[in-house]
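Q: Letter by letter, the chains look like this.
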Amino acid sequence: MKDQLKTKIYDAAVLTFEQLGFMFPIADDEAEPPPPTPDAAVYVEFEGPFSGRLVIKAYGGLLSVLAANMLGESDAPSQEQQHDALGEVANVICGNLLPSIAGSAEVFDLGTPLPADETDPGAGLPSAAEVRIALDQGAIEMIFYAADEVPCLEE
Amino acid sequence: MKHVIGVADMKISGNPDDILVTYALGSCLGITVYDPVAKVGGMAHVMLPLSTGDPNKAAAKPMMFVDTALPRLFISCYKAGAIKQRMIVKVAGGAAPLDTGRGDYFEIGKRNFIVLRKMLWKNGVLLKGHDVGGKQSRTMTLNMSNGEVTLKSQGVRTRL
Amino acid sequence: MALNILVVDDSSIMRAMIIKVLRISGLPCGEFYQAANGVEALKVIDENWIDMALVDINMPVMNGEELINRLRENPDTADLPIVVVSSEASETRIEILRRKGAEFIHKPFTPETVRETIIEMTGVSDEGSTENEDIRCGSLDF
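Chains as they are written, first to last, in our numbering: chain A, 6 to 160; chain B, 2 to 161; chain C, 44 to 185.
Treat the hints with care, since some could be wrong.
Some but not every residue of chain A turned toward chain B, in silico, with C-beta under 8 Å [unchecked claim]: (1) Tyr15; (2) Glu23; (3) Phe29; (4) Thr42; (5) Gly77.
Treat the hints as calculated values from the structure; they're not laboratory data.
Glycine included, each C-beta is placed from N, C-alpha and C at the ideal position.
Kindly generate the complete structure, drawing on both the sequences and the hints.
A: Below you can see the structure in the form of structure tokens.
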């Protein structure tokens, strides 16, 4: 079940980064080793058939590339735009992930993306899955925290 | 007159009698651009997404990489009289012909298309048509008399 | 016939992306207006002539669904063309929005999808000139 959840998280993230960020995943052996601390981390809370939060951490200069790609600009975007970009990506990943888990008939309410607490990004919730993806520029780590049991529904 | 564009190559034309064609688009991208007012256009057959890993090769064969080929295709068309705002851009290919589970290991076809999209977005251009992905090889043709782009794949011909 | 378009999304980068799509699409766009939530959007609509609104769903203060309800309740805006641009993927919720007369674009979107949706909704042509002056900022490759 955990592998299924990890695959769904991976797929939602890759789709989002490819379409909005024009970034693609690379194999771990193609990638530079990620630095130990993230450049930024955001979370999106959700409520519905099950509740929890998705945390996304960005590493290795991904933020400025992501924001520049989304805007279609060469100039380095502002810090505010960079964090906005990560928040929007988190929102889109979450929005696509949840129906892939629960089924397209279910309704979830998503919170506004907010900066994640470095010391306790999950706010005490248990982690249901963690996924790391190396991208062509930078890397992300996603942690899916669930307040309730996450069902495995067939699509 | 028919002009065949090979791998890592391009052809620009302002001759309405010309037909530009490129074959065997697997993971490669075939890119056509056409200005319907000036009746100028071109076709490129591009292999790999980014030149950054092999700058020497990119200097020698700029049409091999999406990021070096696309500017050349457009700028060559400008020099022949095309205007950017009028240019119609279409793309085909980007397949994963060697499907091994999750697709080919390096996903070259998909990466080619992502880099192309990124460059078009950055330079303020939208696609007018695309037929990308899957596993099948494609042949792409541009008719310079009217800008019509046709594809042929597995014996089936379609207009893009 | 130039369209005055309102883009409502709490993400400024998403608003910028949508506006850029509209600018380079060849669609006949007039003025662009922005709002970060439903309350701001209602104020913009009250003070300006708006021909179409592109609206996110998940926003603070007033979300997109509530905004659409308010617009449909008002005779002046009951027929305003609305396109929801959202990561929302619940068929249940999407159907509710469609029944309120909104079209739907799912995030992540391609720029071409935005263009095609607006053409289909309004019947306008995309063969106008694009605003290259506006997008010729920074360094272009071609």
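Q: Hints first: check each against the structure and report whether it holds.
A: How the hints compare with the structure:
1. Tyr15: Hint on Tyr15 (chain A): violated, closest Cβ of chain B at ~10 Å, above 8 Å.
2. Glu23: holds (6 Å)
3. Phe29: Hint holds; Phe29 (chain A) Cβ to chain B Cβ min 5 Å, cut 8 Å.
4. Thr42: Hint violated; Thr42 (chain A) Cβ to chain B Cβ min 26 Å, cut 8 Å.
5. Gly77: With a closest approach of 4 Å, the Gly77 (chain A) hint holds.
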